[in-house]
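> Chains as they are written, first to last, in my numbering: chain D, 1 to 482; chain U, 483 to 964.
Don't read these hints as lab results, they were simulated from the structure.
These figures come from a predicted structure and were not determined experimentally.
For glycine and all other residues, C-beta sits at the position ideal for the given N, C-alpha and C.
One thing to keep in mind: the hints can contain errors.
To be verified - Example chain U residues on the side facing chain D (calculated, C-beta under 8 Å, incomplete): (1) 510; (2) 513; (3) 520; (4) 547; (5) 566; (6) 570; (7) 575; (8) 590; (9) 621.
Stated by the list, open to error - Take a look, some chain U residues computed to stay more than 12 Å from chain D by CB distance: (10) 563; (11) 653; (12) 654; (13) 812; (14) 888; (15) 907.
Number of protein chains: 2
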Amino acid sequence: MKVKRERWSSNFSEWYDWVLSEAEIYDYGRYPVKGVGIWRPYGFKIREKLLELVRRELNQTGHEEVLFPLLIPEELIKKETEHIKGFENEVLWVTKGGESETDTRMALRPTSEVAISYMESLWLKSYKQLPKKYYQIVSIFRYETKATRPLIRLREVTTFKEAHTIHLTYDDAERQVMEAVEIYRKIFDMLGIPYIISRRPDWDKFPGAEYTIAFETLMPDLKTLQIGTVHHLGQKFTKALDVKIQAEDGSLVYPHQTSYGLSDRVISALISIHGDDHGPILHPLIAPIKVVIIPIPSVNNQKETLNIIEHCKRVKDELGKNDVDATIDEDTELTPGEKFYKWELKGVPLRVEIGPRELNSNTVYIKRRDTLEGKSIQFEELVVEVTRTLTEIGLYLKERGEKFLKEHIFKAENLEEAKKALNEGKGIVEVHWCNDNKCGLKLEEITGGQVKGVPFEKREVNGSCVVCGKTATNILRIAKTY
Amino acid sequence: MKVKRERWSSNFSEWYDWVLSEAEIYDYGRYPVKGVGIWRPYGFKIREKLLELVRRELNQTGHEEVLFPLLIPEELIKKETEHIKGFENEVLWVTKGGESETDTRMALRPTSEVAISYMESLWLKSYKQLPKKYYQIVSIFRYETKATRPLIRLREVTTFKEAHTIHLTYDDAERQVMEAVEIYRKIFDMLGIPYIISRRPDWDKFPGAEYTIAFETLMPDLKTLQIGTVHHLGQKFTKALDVKIQAEDGSLVYPHQTSYGLSDRVISALISIHGDDHGPILHPLIAPIKVVIIPIPSVNNQKETLNIIEHCKRVKDELGKNDVDATIDEDTELTPGEKFYKWELKGVPLRVEIGPRELNSNTVYIKRRDTLEGKSIQFEELVVEVTRTLTEIGLYLKERGEKFLKEHIFKAENLEEAKKALNEGKGIVEVHWCNDNKCGLKLEEITGGQVKGVPFEKREVNGSCVVCGKTATNILRIAKTY
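Please construct the entire structure, taking both the sequences and the accompanying hints into account.
The structure is reproduced here in structure tokens:
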């Protein structure tokens, strides 16, 4: 069987909705509030696996998990004016308790910089306490007026991992930005999610930030999806919230901060990028079930069928002992073929089939979800082969993902080419740029794309700005985007 | 040193605030919204340990974790009238998005029966899908107008574990109520939290429920704290939300539901009940750090001090290899005495002290946080002794807790005795009762206590109602309560 990715690429939007619904991951569009969804048990487990991995990386690098209140009073959120302006049309407000007005309007957090800075002003007194790296994993709320999309553009983002760090100097904070970029690189690399890293243009940075670094991936429909951002906040919030620290020389100074976030979009990317016409292919690192075992009953020998079930149990136990989560599908109402379909749609990375032939030869038949290739192995090789194959699946997904992204980065020599490439859906377009914001904005206007920023990694630049023709000092990325 | 519990018992309220703040568990009363608090890193870890344990018990009994939206539209929440009446004065409403009114008012979930039942009406079609047991761990919101208390009475309850199950028949649901009671028993037993189980009087059951079973513990100030509830919901919500299931005979029927919850109050109970004048004593099962190792530096031999640190590291490694979380306090600015104080206040169950004497005799000195007893042990015995002692600490806390509760259940023969016992703070008062609600309400009125209900476990009853004098058919519990 050949891997087909036709529906996946040419009708991605429909494919995506089908997967979320039919694989019972995330129920969307039926609950009577716009832009919110329900994590169903299978989807919740995928989400948990991802969060375990994210928590491990953050805890290992000295981040401490906390939990702040959902509600931010209007007076507090308005302390940083540039920040609130970036959000004010999107904030949901609680104004009533029972039938009476609340004392003050309270925002459902759109993000927690002000709340955390406020508490830091109480917790932190001395440079000796720095740096501090906090994070929390919470729901955030945006009153999106644009079209919402499940896990991509939501009014309730249920999986917002926001990290907030505080440092004595600008440079310390900058080093933290670099650490955050490395942590995100590592997470996306582990999950095989391909990405580009860009420094956002000034007009698109996080409200209040000195600068913003963003991770983008490319979805099957060749629109980019922002999957992670890292902000250097400088002293914006410490000054606004009056967070003062005693420095080594006794003077009081405003410390510097960073913040960085991941969201439900990482799960959206995981499901979308590693997919084919049969459904998603869950990366073994976040698959709630790594191996599904399907008994193929004997046609007219009940005793043999019972022995097959026993053989399946031995396989499950043997895998379980070696920390490979396996499950047997013992449903008697579905045919093996129906089970194959079901578990491919669930994205389980590896399938084990056991029928009379396998029983009698003490073998198992294993089939990879990614390449759809199968082979017979001896029972004795089970653990070694399964473990090795799961690793290979992870690597295959990563390579295929990276190849897909690389093939869809297009270097345009002039405005015409850039516009054409964007309209023909070639992916991410890179052009030469003079570094003038006016030219960047004009590029958006002319091509109808959205500027994603300049490459995070230094590049040699040799050409002239596609807008004004002056000598280029940088590369600028532009794309159609979610 | 003798264990002192004077401040703990006679000035519990102050003790409690001191512990939450000074042990850096939960920051309360400083964030500018009434009735909400912040889980600080240490407190967050305690909360995580508890949730791990709760999740394990629920997953093992076939419960599936899900995540529902925070917002419930007014139209939906009003579908079950009895239910909304129980909550309507306490609901927080979102009415604005940006500067415009939202299409409909949306409640911050006070609990999720209606939201979950609504989705069940879409997900469940056949009796073959039943039973289903869902749960989620989320923030819930109540616009409390009474005095709020950290982790006890909050406007944002951040650790609400709500389970929702659905069954074909009333009896199936009743069996689920029994399973839930057993699960909660097991959890509280493991944590050494003493409890009584009561069936709530009709006037105090969950709005919409057929009946409510509640777990209560007794706080150091002899007020009861409700720490868990289990509700048989019958068909109230399935009828209101039109959840219909095809039964085996093909007919459409309304299934029966249960719901049961735990909250932040379990953590409040854990911290409060297992406490003394030095602070809380964390039960080893939920202690983020099970063992703290304190080096006692040599007075004037730096090399020896370095060797002591090395010895500490060997102890930590040895414990780590055996899954005992240990940490070394290497702070050089605090004296050993200051460190003892600090870690006792943090409630770490076991302390290891290592000084010149221990170094030279290849021993360690271990000190229990519960009894404050210490002893020297050989390094070779370390793992066995530490593991055994941690188990003993758990048992000691459980026994002491149960004894405390037992000593504070008072059987009153008449109204006068009941009133006196309540006013003198004797704890939980049990009286004979005729089963007439009027007498129950009158008991509250006369004594100033709150009726908690009748014992869940069957009791022999032999006496007459303390209110009306008729033959009693049951025992009724009354107490001062949080």
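> Classify the label on residue 812/U as holds or violated, using whether its beta-carbon is more than 12 Å from each beta-carbon of chain D.
holds (15 Å)
> Does the CB of residue 566/U sit less than 8 Å away from some CB of chain D?
Status violated, d = 11 Å.
> Regarding the hint that residue 510/U lies at the interface with chain D, is the smallest CB-CB distance below 8 Å?
Not OK, violated: residue 510/U not within 8 Å of chain D, min 11 Å.
> Taking C-beta pairs only, is residue 888/U more than 12 Å away from all of chain D?
holds (35 Å)
> Against chain D, is residue 547/U within 8 Å by beta-carbon distance?
holds (5 Å)
> Closer than 8 Å between Cβ atoms is the bar; does residue 513/U clear it against chain D? Give me holds or violated.
Holds, because the Cβ-Cβ distance from residue 513/U to chain D comes to roughly 6 Å (cut-off 8 Å).
> Beyond 12 Å from chain D, beta-carbon-wise, is residue 654/U?
With a cut-off of 12 Å, residue 654/U remains clear of chain D, as the shortest Cβ separation is near 20 Å.
> Does residue 575/U meet its interface restraint, that is, does its C-beta lie within less than 8 Å of any C-beta in chain D?
holds (4 Å)
> Hint residue 570/U vs chain D: min CB-CB distance below 8 Å?
Check passed: Cβ of residue 570/U comes within 6 Å of chain D, closer than 8 Å.
> Mind verifying the non-interface call on residue 563/U? Its CB should be farther than 12 Å from each CB in chain D.
holds (16 Å)
> Any CB of chain D closer than 8 Å to the CB of residue 520/U?
holds (5 Å)
> Beyond 12 Å from every chain D Cβ: check whether that's true for residue 907/U.
Residue 907/U is indeed farther than 12 Å from all Cβ atoms of chain D, at 33 Å.
Of the numbered hints given earlier, the model fails hints 1 and 5; all others are met.
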